[in-house]
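This is what each chain is made of:
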Amino acid sequence: MPETDRRPGSRRQASRRVTLGGIPAWVAAVAVIGALLIVVPIVSLATRVDWAHFGSLITSESSLAALALSLRTSVASTALCVILGVPLALVLARTSFPGKRILRALILLPLVLPPVVGGIALLAAFGRRGLLGAPLEVLGVTIAFSAVAVVLAQTFVALPFLVLSLEAALRAAGSRYEAVASTLGASPSTVFRRVTLPLVLPGLVTGAVLAFARALGEFGATLTFAGSLEGVTRTLPLEIYLQRETDPEAAVALALVLVVVAVIVMVVTYGRREIR
Amino acid sequence: MSRRPLVAILALAGVATLLAGCASPSTGSGNGSSESGSETSATPVVEQTLTVFAAASLKDTFTELATEFEESHPGVTVSLNFAGSADLVSQVTEGAPADIVAFADEKNMAKLTDAGLIDGTPELFASNTLEIAVPPGNPRGITSFRDLAKPGAKVVVCAAQVPCGSATVKIEEATGITLTPVSEESAVTDVLGKVSSGEADAGLVYVTDVEAAGDTVEGVTFPESSGAVNTYPIGVVAASTLPELASEFSALVTGADGQKILAAAGFAKP
Amino acid sequence: MSLDVRAVVEPGRLDVSFTLGEGETLAVLGPNGAGKSTLLDVLSGLVRPDSGHVRLDGTTLVSMAGGERDSWVAPHARGIALLAQEALLFPHLSVRDNVAFGPRSAGVDRAEARRIAERWLRRVDATGLADQRPRRLSGGQAQRVAVARALATEPRLLLLDEPFGALDAGVAPAMRRLLAEVLAERAVVIVTHDPLDALALADRVIVLDEGRIVEEGPTREVLLNPRTEFTRLLTFGLGTI
Numbered sequence: 001m002p003e004t005d006r007r008p009g010s011r012r013q014a015s016r017r018v019t020l021g022g023i024p025a026w027v028a029a030v031a032v033i034g035a036l037l038i039v040v041p042i043v044s045l046a047t048r049v050d051w052a053h054f055g056s057l058i059t060s061e062s063s064l065a066a067l068a069l070s071l072r073t074s075v076a077s078t079a080l081c082v083i084l085g086v087p088l089a090l091v092l093a094r095t096s097f098p099g100k101r102i103l104r105a106l107i108l109l110p111l112v113l114p115p116v117v118g119g120i121a122l123l124a125a126f127g128r129r130g131l132l133g134a135p136l137e138v139l140g141v142t143i144a145f146s147a148v149a150v151v152l153a154q155t156f157v158a159l160p161f162l163v164l165s166l167e168a169a170l171r172a173a174g175s176r177y178e179a180v181a182s183t184l185g186a187s188p189s190t191v192f193r194r195v196t197l198p199l200v201l202p203g204l205v206t207g208a209v210l211a212f213a214r215a216l217g218e219f220g221a222t223l224t225f226a227g228s229l230e231g232v233t234r235t236l237p238l239e240i241y242l243q244r245e246t247d248p249e250a251a252v253a254l255a256l257v258l259v260v261v262a263v264i265v266m267v268v269t270y271g272r273r274e275i276r
Numbered sequence: 277m278s279r280r281p282l283v284a285i286l287a288l289a290g291v292a293t294l295l296a297g298c299a300s301p302s303t304g305s306g307n308g309s310s311e312s313g314s315e316t317s318a319t320p321v322v323e324q325t326l327t328v329f330a331a332a333s334l335k336d337t338f339t340e341l342a343t344e345f346e347e348s349h350p351g352v353t354v355s356l357n358f359a360g361s362a363d364l365v366s367q368v369t370e371g372a373p374a375d376i377v378a379f380a381d382e383k384n385m386a387k388l389t390d391a392g393l394i395d396g397t398p399e400l401f402a403s404n405t406l407e408i409a410v411p412p413g414n415p416r417g418i419t420s421f422r423d424l425a426k427p428g429a430k431v432v433v434c435a436a437q438v439p440c441g442s443a444t445v446k447i448e449e450a451t452g453i454t455l456t457p458v459s460e461e462s463a464v465t466d467v468l469g470k471v472s473s474g475e476a477d478a479g480l481v482y483v484t485d486v487e488a489a490g491d492t493v494e495g496v497t498f499p500e501s502s503g504a505v506n507t508y509p510i511g512v513v514a515a516s517t518l519p520e521l522a523s524e525f526s527a528l529v530t531g532a533d534g535q536k537i538l539a540a541a542g543f544a545k546p
Numbered sequence: 547m548s549l550d551v552r553a554v555v556e557p558g559r560l561d562v563s564f565t566l567g568e569g570e571t572l573a574v575l576g577p578n579g580a581g582k583s584t585l586l587d588v589l590s591g592l593v594r595p596d597s598g599h600v601r602l603d604g605t606t607l608v609s610m611a612g613g614e615r616d617s618w619v620a621p622h623a624r625g626i627a628l629l630a631q632e633a634l635l636f637p638h639l640s641v642r643d644n645v646a647f648g649p650r651s652a653g654v655d656r657a658e659a660r661r662i663a664e665r666w667l668r669r670v671d672a673t674g675l676a677d678q679r680p681r682r683l684s685g686g687q688a689q690r691v692a693v694a695r696a697l698a699t700e701p702r703l704l705l706l707d708e709p710f711g712a713l714d715a716g717v718a719p720a721m722r723r724l725l726a727e728v729l730a731e732r733a734v735v736i737v738t739h740d741p742l743d744a745l746a747l748a749d750r751v752i753v754l755d756e757g758r759i760v761e762e763g764p765t766r767e768v769l770l771n772p773r774t775e776f777t778r779l780l781t782f783g784l785g786t787i
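Protein chains in written order, with my numbering: chain U, 1 to 276; chain B, 277 to 546; chain H, 547 to 787.
Calculated directly from the structure, the hints in this document are not laboratory data. Ideal Cβ placement from N, Cα and C applies to all residues, glycine included. Misleading hints may appear alongside valid ones.
The calculated SDA-like cross-link candidates involving lysine to any residue, where the alpha carbons are at most 20 Å apart (straight line), are [unchecked claim]:
no., chain 1, residue 1, chain 2, residue 2
1, B, Lys426, U, Glu137
2, B, Lys383, U, Asp247
3, B, Lys383, U, Ala251
4, B, Lys426, U, Leu92
5, B, Lys387, U, Gly140
6, B, Lys446, U, Thr246
7, B, Lys383, U, Gly140
Pulled from the structure, derived: some chain U residues nowhere near chain B, Cβ distances all over 10 Å [said to hold, decoys possible]:
no., residue
8, Glu61
9, Arg104
10, Gly127
11, Ala173
12, Arg234
13, Val263
14, Val265
Bound-form chain U, shown alone (with noise of 0.2 Å):
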């Protein structure tokens, strides 16, 4: 049912109009001020830009070759987080285990971390003298240095998104409906796939989502564990940074390009669904 606005005299829905939904006025106010604070910044990019050279700052190849890197792998991650972040959620929210705690704390951890330290724990496991990376290299297998290596660290970064906002849907959902539906003879694969999945979808992606944007913003990790080489591991994030050296324009418009992807990601995922 639509909100309608309770003051005296005013019939009409509140749709078009500014209203304060029942909260004070300097809380609007300072909203504006942390909205400001984001906002401002990017607006400043884009004036920044040189847009006279723009579309040939942005289609080098090199440009290119990072964009479609950062799209490959970030696309690679998010699936890798969606695979692996769904059970994660689920046993987080609905099982409960000693020491349960302590991994939702472990779990969570690389949103605390700063990237370039995730980068060193993940050389630390997968590097040439890591605790995994070291056996692998006897068979043959080096992960640094790799695209795969860039999907290990987007996906070490990104994961704790997903699975916190799965955990928290899940929470809210309940599991009254997985009830019902085992009684009605589902076994648990069939509650899960049936019921569970169906149910949290809005919030899987909204976690996927998130987790999409993180990637594609990762640099820390990526750059001390996968390394930075043109088409294989220098994502747009690298390719900016390394352009600041000598062409701080094409960082500008390389930068431009990143927010831009990242807001039209958003904007398709959130607009459709809910809260107007």
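Assemble the complex: chain U is given as a structure, and chains B and H must be docked to it using the hints.
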């Protein structure tokens, strides 16, 4: 009735932002409280801060020189800012308050002189050449520049856009040996990091970097390195409020003391 | 004997023992917190008793004696359907797909499952709702569909948890009539705090107080001639009318 809340919000937000703007503290008012005993001199000591922007490769040497300068100039604090040369150039161009700048190559300095931001002519005070860095034990047995092109060797270099990278490209062209690195880093530190951790079999960095890295890497010099020499310039910033002090610091760097310290770190004469 | 139950849960929460014949409907009366819902959870398999057993039509669903012969059948394999106070229709499926859910989960193919669904929707007089989404249904309509959904699984035992609790007063009588019709031929345990439901639907009654059975017997017997003060109060002194 519906306009009121909107106007109120914008007004409040505007006022708050203005207040925040007025309250921003003025930068660099020279509060450097120097501990160099001011009780010994009878004349009152003037507190001054000299801001030096220097390339990352000059970190150890300039820190030492800064301490020497502070000792010989009571009341003066030398504030050091180390970063990639290109970063420093953009900082200065944006108006960051620097008195002296020292870069890892002449190209970057040229950007500032061309813009009229440097007082007079910059002086060259050191030069640096490339050296091969390998992990301790040299697992791949790299002994020459040619060895870097060995199949299966994981070599990490600087990207061409960075001074040490352009030097690498010059040597590649001069020798006719093209390297296929697994990574082209934007900072020398990252190259060194990958070598010392054993991720890479070899990396191309500066002689001074190998010196500074101590036992974490081993160095392999190669004759072809003389084909690409990076010369380091130092200059006084035109907008500096302490031009004389800045010149004195510059003199220290180009003088005997400075040259000795630089040589000890591996730098060659300009 | 169709249902044989002996269950103890967390000392104090439940301690009961009873049987149910084939096609019999048993009402479980008692105030809130008496353990009625816990009993249903034990029967459906959503809660494991600390000790005791549940046997249905000769199959042991639970047996907890603390020894190596413990056994437990998961809820989805028990053939027991649960109808709760809230209809809990799957919001992302149409009414028809909701009713077809049980048969589909049992492996019935889509076309056959739809036929079964439509048959049960006819039975509960809800055919017109088949293509609707659950959120468009009224409380009474939803509950009707829930009945169809539960019965479509052809359960050996049907559990009803306060089925009229969330319905408007005007709708309850129609629901009661519907249930009286469809419950006639199967074993049912219905939990309620309203003795009228028991009178209308149940063959036998047990009265729970703080997890224990304080009275049991044929419905009319217990309700019209309560032996304990507790039951008398619970049944609003129906017997004195």
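Going down the list of hints, with the structure as the test:
no.	hint	verdict
1	B:Lys426 to U:Glu137	18 Å, holds
2	B:Lys383 to U:Asp247	13 Å, holds
3	B:Lys383 to U:Ala251	19 Å, holds
4	B:Lys426 to U:Leu92	49 Å, violated
5	B:Lys387 to U:Gly140	47 Å, violated
6	B:Lys446 to U:Thr246	17 Å, holds
7	B:Lys383 to U:Gly140	43 Å, violated
8	Glu61	13 Å, holds
9	Arg104	31 Å, holds
10	Gly127	5 Å, violated
11	Ala173	35 Å, holds
12	Arg234	8 Å, violated
13	Val263	23 Å, holds
14	Val265	26 Å, holds
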